[in-house]
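Based on the hints, put chain B in the right spot on chain A.
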Amino acid sequence: MKDLKEISTRLEIVKKKIKKNTKNDDGSNAASLGKALKISTELVASVVVGSAIGFLLDNWFGTKPILIILFFFMGVAAGILNVFRAAKKMNKKL
Amino acid sequence: MVTNPMHQFEVYKIGPEINLGGINLSFTNASLFMVISAMLVISILFFGTKKKSLIPSKIQLITEMSYTFVAKMINDTAGSSAKPFFPFIFSLFTFVLFCNMVGMLPYSFTVTSHIIVTFVLASIVFISVTILGFAKHGFRYLELFVPKGVPIVLLPLIIIIEIISYLSRPISLSVRLFANMMAGHTMLKVFGGFVISLGLLGGWLPLGFSVALTGLEILVAFLQAYVFAILTCIYLNDALNLHH
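Chains as they are written, first to last, in this note's numbering: chain A, 1 to 94; chain B, 1 to 244.
Among these hints, one or two may not hold up.
To be verified - So, partial list: chain B residues that the calculated Cβ filter (under 8 Å) puts toward chain A:
id	residue
1	I55
2	S57
3	I59
4	Q60
5	I159
6	I160
7	S168
8	R176
9	N180
10	M182
11	L223
12	V227
As the list claims (entries may be wrong) - Result set (SDA-like, lysine to any residue): computed pairs, CA atoms no more than 20 Å apart in a straight line:
id	chain 1	residue 1	chain 2	residue 2
13	B	K52	A	I7
14	A	K89	B	K72
15	A	K89	B	Y226
16	A	K92	B	K52
17	B	K58	A	L4
18	B	K72	A	S32
19	A	K35	B	N237
20	A	K88	B	K58
21	A	K88	B	L231
22	A	K89	B	K52
23	A	K15	B	F69
24	A	K89	B	D76
25	A	K89	B	E162
26	B	K52	A	D3
27	A	K88	B	K52
It is worth saying that the hints were derived from the structure and are not from the lab. Where is the CB? At the ideal position from N, CA and C, for every residue including glycine.
Isolated chain A, as found in the complex:
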């Protein structure tokens, strides 16, 4: 069991070293980059879905330009809502 003891002391030393290093570094760079990438597509996707729904309904009812315009703006609203929610979730975590 001498081997295990040696490893546990080495682990302690390494843990202390890691603690020292992480004090200055907030270490959340990658996570915040992920959030930024997340938000950018959130806005676009809703607009695309809204316009697609408007296009389909227009073809169905034969009311060519009205519904696609209406649903485009609803898609924009949904996109902003999505971004707003994502940002709110981030705020809660901080």
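Frame of chain A; chain B shown alone:
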């Protein structure tokens, strides 16, 4: 030789053409690299869990770290009630991660740079989460579209906006992964082409960019797999716990 930056995304079939009822089911290079990624995941997990020693070897360490990483992610975002879905999210995360990482090797093919692949993955998540929500809450799951404290006059408008926002989930999930992977790989190829065309004199600058971009791409490859998994957890949380 003219280097076309989009040439790397070409899908071609390997072996004989298989037609089943009018559907082309031939084995392509995309399927080959999916099989390679899945096999890599399975073999790493197999060899990592084969010899369970107290002092872990490197491969065992990787396996255990990936387990705790995903388990912690699920616990933090979806709560302990999402524990039964660990295998689903773990396989999704590792598959996307390995597809992205295998794509970083030279001469390989990036499966996740095709929107159909990412869209199918996102649709699986979307459909299964929706079914789960209805199975767990019945028609009360539709309350997700009705936020609390909204005046009745505005309700029809809000419901439509909420439905659009719900339907946009698989689109945003799939487009994010696909766009990031395709843009990154195209950019790498373009800078690689600059190295060739500028020759010995001017080629050093784009070569340096290429090296830096490769590092960035490896970060993005990991990050996109992580974002994919964490958003799946968030959607699961919506379906399981049903409140905003």
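Each hint tested on the structure:
1. Restraint check, I55(B) versus chain A: the minimum CB separation of about 6 Å is within 8 Å; hint holds.
2. The interface hint given for S57(B) is violated, since its Cβ lies 13 Å from the closest Cβ of chain A, which is over the 8 Å cut-off.
3. Given hint, I59(B) at the interface with chain A, is violated; its Cβ is 18 Å from that chain's nearest Cβ, farther than 8 Å.
4. Given hint, Q60(B) at the interface with chain A, is violated; its Cβ is 14 Å from that chain's nearest Cβ, farther than 8 Å.
5. About 11 Å separates the beta-carbon of I159(B) from the nearest beta-carbon of chain A, more than 8 Å, and the hint is not met.
6. Annotation: I160(B) was flagged as interfacial toward chain A, and the flag holds, the nearest CB pair being 6 Å apart, inside 8 Å.
7. For S168(B), the suggested interface contact is upheld, since its CB lies about 4 Å from the closest CB of chain A, less than 8 Å.
8. Look at R176(B): its Cβ gets to within about 4 Å of chain A, closer than 8 Å, so that hint holds up.
9. Interface hint at N180(B): satisfied, since its Cβ lies 7 Å from the closest Cβ of chain A, which is below the 8 Å cut-off.
10. Because the beta carbon of M182(B) sits about 13 Å from the nearest beta carbon in chain A, more than 8 Å, this interface hint is broken.
11. Interface hint status for L223(B): upheld, as the beta-carbon distance to the closest one in chain A is roughly 5 Å, under 8 Å.
12. Given hint, V227(B) at the interface with chain A, holds; its Cβ is 5 Å from that chain's nearest Cβ, closer than 8 Å.
13. About 17 Å separates the Cα atoms of K52(B) and I7(A), which keeps this hinted pair within 20 Å; it holds.
14. This hinted pair checks out: K89(A) and K72(B) have alpha carbons roughly 18 Å apart, not beyond 20 Å.
15. Between K89(A) and Y226(B), the direct Cα distance comes to roughly 17 Å. Compliance with the 20 Å bound is thereby established for this hinted pair.
16. For the suggested pair K92(A) and K52(B), the alpha carbons sit about 40 Å apart, so the restraint of at most 20 Å is broken.
17. The straight-line distance between the Cα atoms of K58(B) and L4(A) is roughly 17 Å, inside the 20 Å bound, and the hint therefore holds.
18. Taking the CA atoms of K72(B) and S32(A), the gap is near 18 Å; set against the 20 Å cutoff, the hint holds.
19. Of the supplied pair hints, the one linking K35(A) and N237(B) holds, its CA atoms being roughly 18 Å apart against a limit of 20 Å.
20. Restraint check for K88(A) and K58(B): the C-alpha separation of about 40 Å exceeds 20 Å, so the hint is violated.
21. Only pairs whose Cα atoms come within 20 Å are accepted, and K88(A) paired with L231(B) is accepted, the gap being roughly 15 Å.
22. Taking the CA atoms of K89(A) and K52(B), the gap is near 39 Å; set against the 20 Å cutoff, the hint is violated.
23. A C-alpha spacing of about 19 Å is found between K15(A) and F69(B), which places the hinted pair at or below 20 Å, so the restraint holds.
24. Annotation: proposed proximity of K89(A) to D76(B) holds, straight-line Cα distance about 13 Å (limit 20 Å).
25. The straight-line distance between the Cα atoms of K89(A) and E162(B) is roughly 17 Å, inside the 20 Å bound, and the hint therefore holds.
26. Proposed proximity of K52(B) and D3(A) is supported: the alpha carbons are some 17 Å apart, at most 20 Å.
27. Simply put, K88(A) and K52(B) have alpha-carbon atoms about 43 Å apart, too far for the 20 Å limit, and the pair is violated.
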